[in-house]
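Asks: When we follow my numbering, the leftmost residue of the sequence shown carries the number 24, and every step to the right adds one.
Warning: the hint list may mix true and false statements.
As the list claims (entries may be wrong) - Pair by pair, the computed Cβ-Cβ distance ranges are:
| hint | residue 1 | residue 2 | range |
| --- | --- | --- | --- |
| 1 | Q133 | K236 | 43 to 51 angstroms |
| 2 | P146 | R203 | 38 to 46 angstroms |
| 3 | P232 | D26 | 42 to 50 angstroms |
| 4 | R132 | D35 | 18 to 26 angstroms |
| 5 | I104 | P146 | 24 to 32 angstroms |
| 6 | E319 | K53 | 51 to 59 angstroms |
| 7 | G55 | T318 | 54 to 62 angstroms |
| 8 | S317 | L119 | 51 to 59 angstroms |
| 9 | T318 | D35 | 45 to 53 angstroms |
| 10 | P153 | E319 | 35 to 43 angstroms |
| 11 | R299 | P153 | 37 to 45 angstroms |
Calculated directly from the structure, the hints in this document are not laboratory data.
The structure displayed is predicted, hence computed values, not measured ones.
Here a beta-carbon is modelled for each residue, glycine too, at the ideal position from N, C-alpha and C.
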Amino acid sequence: MEDAWHACQNADAILSSFTADTYASAIGEKLGLPVISVPLQPPVLSTRNGRALLNAPLPRQVSLINYILGKAFIEPAPWQIYGKLTNRFRQEVLGLRPLTATQFTAVRRQMPVLLAYSQHVVPKPADWPPHYYPTGYFFLNEGHNWQPPESLLDFLAAGPKPVAVGFGSMIGKNPERITRLLIDAVVKSGQRAVLLSGWAGLGNGELPPSIYKIASVPHDWLFPRMAAVVHHGGAGTTAAGLRAGVPAVIVPHMADQFFWAKRLHDLGVAVRPLPRHKLTSSRLARAVQTAVSSTEMQT
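Using the sequences and the hints, build the whole thing.
Replies: Next comes the structure, spelled out in structure tokens:
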């Protein structure tokens with residue numbers, strides 16, 4: 024929070040996320056700056072209309088039930104999680120009075136919101152406020168100036184489109200076991216793969232010729248060259264896969280990843296989500312085979 028405070032000293036406006044809205048609004052109050060929330064997933068706001076969103080307590084129930092439960096339990100969640108820390112920050116660093124949950128909710132309801140995801144993927148409910156603006160996904164287009172290593176180009180040219188595999192930092196306490204599982208799944212599926220080792224160091228050890236390991240590749244460069252993408256369901260990776268038009272095999276680990284996994288499956292562009300605690304090489308291999316062979320998902 025203090026880092027954010029120092030970073031905002033010469034700002035004209037503050038862009039925040041779901042996890043930062045509580046203290047971003049405090050910094051904006053202190054500095055007299057506008058604060059704009061930019062969620063990468065449907066925000067914590069209940070709706071009476073349309074399909075249940077990320078915040079639906081009972082996803083299979085009618086919208087009214089979700090609306091009532093959402094108002095009571097979901098919308099207050101950010102303050103319940105971060106309120107105590109935020110009030111300490113307000114008092115000790117900013118010299119502001121503390122807020123109650125009701126007061127913060129009132130502040131948050133007035134905050135402009137940029138919905139940084141596609142309305143074709145998750146439509147905005149009709150009863151959401153007019154200051155919730157759909158913008159579509161944000162992309163950095165890092166691949167435009169990226170130079171791939173010759174070894175990667177050679178691997179891609181040596182056979183049919185491979186599958187991209189990577190979980191970012193979502194790897195758990197045993198990356199060696201996960202690496203072995205992923206390798207076995209790729210071999211069983213009969214596919215080639217680009218293994219994105221990511222922050223967790225996947226792929227340490229010997230790999231079969233059908234698997235190419237690299238720490239990272241810009242998604243906008245790699246994904247259009249893939250037959251499918253196996254990933255954890257993070258908002259950014261999900262967006263890049265949708266943009267590339269390739270099927271997804273999602274193994275959600277936490278938070279909104281479960282929402283994106285289900286949403287993409289409902290849209291027909293991903294296989295059924297694979298729970299991490301039930302993941303086996305055989306299940307993953309079957310999911311990959313389904314993704315690369317499905318005419319519906321490939322078009």
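Asks: Look at each hint and say if it fits the structure.
Replies: Status of the hints after comparison with the structure:
Against the hinted window of 43 to 51 angstroms, the Cβ-Cβ separation of Q133 and K236 comes to about 49 angstroms, which satisfies the hint. For the pair P146 and R203, the supplied restraint of 38 to 46 angstroms holds, since their beta-carbon distance comes to about 41 angstroms. For the pair P232 and D26, the supplied restraint of 42 to 50 angstroms holds, since their beta-carbon distance comes to about 45 angstroms. At about 23 angstroms, the CB distance of R132 to D35 agrees with the hint of 18 to 26 angstroms.
Restraint check, I104 to P146: a C-beta distance of roughly 27 angstroms satisfies the suggested window 24 to 32 angstroms. Between E319 and K53 the C-beta distance comes to about 52 angstroms, which sits within the given range of 51 to 59 angstroms. The given range of 54 to 62 angstroms is respected by G55 and T318, whose C-beta atoms sit roughly 56 angstroms from each other. Here the CB-CB span from S317 to L119 is close to 54 angstroms, well matched to the stated 51 to 59 angstroms.
For T318 and D35, the Cβ-Cβ distance of about 50 angstroms falls inside the hinted range of 45 to 53 angstroms, so the restraint holds. Taken as a hint, the range 35 to 43 angstroms holds for the pair P153 and E319, whose Cβ atoms sit roughly 36 angstroms apart. Range check, R299 to P153: Cβ separation about 39 angstroms, and the 37 to 45 angstroms hint holds.
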